[in-house]
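Chemist: Residue strings, one per chain:
Number of protein chains: 2
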Amino acid sequence: MDVKRRMNDRFKDLEGGLFSAVTKADVGEGVGNFLAAGGANMAWADPFYPDPSVPESAKKAMMEALESGTVSHYVMPIGDLALRKALAEKISRRTGLPIDPSRNVIVSPGSDSGLLFSMMPFIEEGDEIMIPDPSYPSNFLNAKLLGAKAVPVPLYEEDGYQPRMEEFEKRLTPKTKMVLISHPNNPTTTVFRKEKLEELAAFIVKNDLILVSDQAFEDHIYDGIEFAAPCTLPGMWERTLTVCSISKGLGLSGFRIGYIYADDHIMDVLYGAAVNVLGASNTLASIGAVAAVRDEAFLKSNYERLLRRRDLAYEILSEIPGVTMKPSESGILSWLNVSALGTSAEVADYIRDHANIMVNQGTPYGAQGEGHIRIVTACFANDEEAAGRFRDIKRALTELAKEKGIC
Amino acid sequence: MDVKRRMNDRFKDLEGGLFSAVTKADVGEGVGNFLAAGGANMAWADPFYPDPSVPESAKKAMMEALESGTVSHYVMPIGDLALRKALAEKISRRTGLPIDPSRNVIVSPGSDSGLLFSMMPFIEEGDEIMIPDPSYPSNFLNAKLLGAKAVPVPLYEEDGYQPRMEEFEKRLTPKTKMVLISHPNNPTTTVFRKEKLEELAAFIVKNDLILVSDQAFEDHIYDGIEFAAPCTLPGMWERTLTVCSISKGLGLSGFRIGYIYADDHIMDVLYGAAVNVLGASNTLASIGAVAAVRDEAFLKSNYERLLRRRDLAYEILSEIPGVTMKPSESGILSWLNVSALGTSAEVADYIRDHANIMVNQGTPYGAQGEGHIRIVTACFANDEEAAGRFRDIKRALTELAKEKGIC
Ligand SMILES: Cc1ncc(COP(=O)(O)O)c(C=O)c1O
Ligand SMILES: Cc1ncc(COP(=O)(O)O)c(C=O)c1O
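Residue numbers (full-length UniProt numbering), protein chains in the order written: chain H, 1 to 407; chain C, 1 to 407.
Hints in this document: simulated from the structure, not taken from any laboratory. Take the hints with a grain of salt, since some may be wrong.
Which copy is meant is left open, so a pair is good if it fits within one copy or across any two.
Capping the alpha-carbon separation at 25 Å, the derived lysine-lysine pairs in BS3-like fashion look like this [stated by the list, open to error]:
| no. | residue 1 | residue 2 |
| --- | --- | --- |
| 1 | 59 | 90 |
| 2 | 149 | 170 |
| 3 | 175 | 196 |
| 4 | 206 | 12 |
Since this is a predicted model, take the numbers as computed values, not measurements.
With the sequences and hints as input, model every part of the structure.
Modeler: Listed below in structure tokens is the structure:
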């Protein structure tokens, strides 16, 4: 029996690498085998991976809770109240919005499931979802999994990857239901500027669309760039779902704590489906997250470490012959134009084979990702170790540049 | 703007209690407020809630891992390999099936999201899903959330809630795609007998259906009743997704570790969507789960505690005038026929108001749940405390029986 006969078109052609070789980072044993053979993984957006990085505040709170033995029990499916309070405070402080922890916030076991969940109430078969290209790959696949059509809207390197409204305008159809952005953008690290977001918001309101704003990287913005939350713009609160995470900003990916905030009319529906779609989040991690979210000193020191790392990565990688890049505007990533050296796949494979480091090809992020690679430059706790890897990449690509006759 | 206008029919009428009073157990702040006011919660299927119950083996492994500080990082989206190995061993030991941890198992952050995930690849708008009634309420809502029609198939108390095949036969249509069972059943605790499952399996194979078998309660079966896993029956392996959890059997609900096992052709698709639908599971809990799953002494002692509790619950609750019940066949629940005392809602409310204990109404489990209530009799670590609550319920319902002129 061929079980795929009974599957729907949204899923039947998906592959997790069981019947094909996996060389990518995300699933299957491919990455495990590569690491076991001594390779380095700079393809997971996981700050300081694989080194210790749990803050003492969270460690202490969790040790006590674990010792007590009651962390075996469920928190509420919508999220532990103490955590929702800590998150509501943080969101209010950032946005100026009055956030009620019992009406406007839901905790999800990581923001990946939170992203799909925030799309589910809205999307019907055949809907179209506008997604800036490049963007986080899950965004495109999420559209497909829900029976919608992902409509990539190109961002251009020459614009610093800021949105061009005419690209949205000309792709609008009666089927357009949603705009889905990663802000700051993954992979480009672009912080969409307030005036650009205002144009986008006006377009969304005028055409009665829904916005899902993935802000997984909002905690670390560099060089004094202003970060505007789209939900604070005129007419947007009532039609925006903001999806956040402690994975990147707090560097606590393994905790699996994400959160969505929105107007209570939206939240009522999410609460009503929470058990089914999310289950609940991890109890011990919820306790640790309360401590970490409130730990101002930890946040500050993480920010300083990541800024220093950003500079270090730029210093080394931007010197590679054939590579062009800008200093990252946010977060933990570097985005390199390597088109002079080959295709995205060729260059990523070359780094894997000659520097023993796994980085991301640009193409899973959209057509605009061709000729680019993404490196999680915040990997490794130690700056010297990270710098060593950057130099390994530099050495390998300099070799490649020579092969190509660039230098 | 009324945002629900832009929602699909599957979600738009869901409510999480933000705009209506919540008295139910599952979401919103209703339960928190009830507990804060001194009430007892015997409505969450969470063994020994709210008392300590993390086994020493898991605690020790987790303390060490937490101390190391590396639990901040992601495990693989399909689940930590060490955990998949431990689970594969357990499944193989139980079922005799050769389970490859890298091809047949995926870890989910709890089995609630695992259940929806196992349905997603198969269900298309308009499909029909046969679900025994009564069953776990999420099963019915999951069908709706995926655009399918839940077709309840009645189980009868007089049959000991074993399936009657003619009830399935007469509901079969060309749209029938899936059968979804909780086995052992929640709320009735019924273990579907092997010969009944063989009939069901023959029906499923003959009509080219898919089976999702939710076995969250499979770890504790009493009185020597044989437990057959439907995926082991002829023709079923290639069309069955078995969804399990450490929440009930190991009493580790707060860890959020569930797992799905299936043929690799099915698993390939689940792996391919894992990042998007599940994200990853919690890193520290994965480490604890490896220890707990392998802790034979803990499993044995949990079994003995739960069996003793089952007997204690039966002893006290079955004596209540107007109540009929059988000793539970599995797990942590008791299922009471209270139809002589009122509707399911009336009796549950009466217990809440007169014994200050929250129990479950039978009706969310399906039409066959009318006249019944579900009590999580494994709540509280201490037998005497639990017995005290059972007696509180007995006292309240005896009062009600008097009001009704039954005794
Ligand atoms: C843009 C973006 N959003 C969301 C996520 C999901 O993160 P998590 O599920 O750990 O919260 C990621 C992870 O890489 C990401 O890059
Ligand atoms: C029958 C059944 N299946 C699945 C679940 C979900 O459990 P978890 O998500 O904790 O694994 C429950 C929880 O009550 C249940 O009763």
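Chemist: So which hints don't hold here, by number, going up?
Modeler: Violated hints: none at all, because every hint is consistent with the structure.
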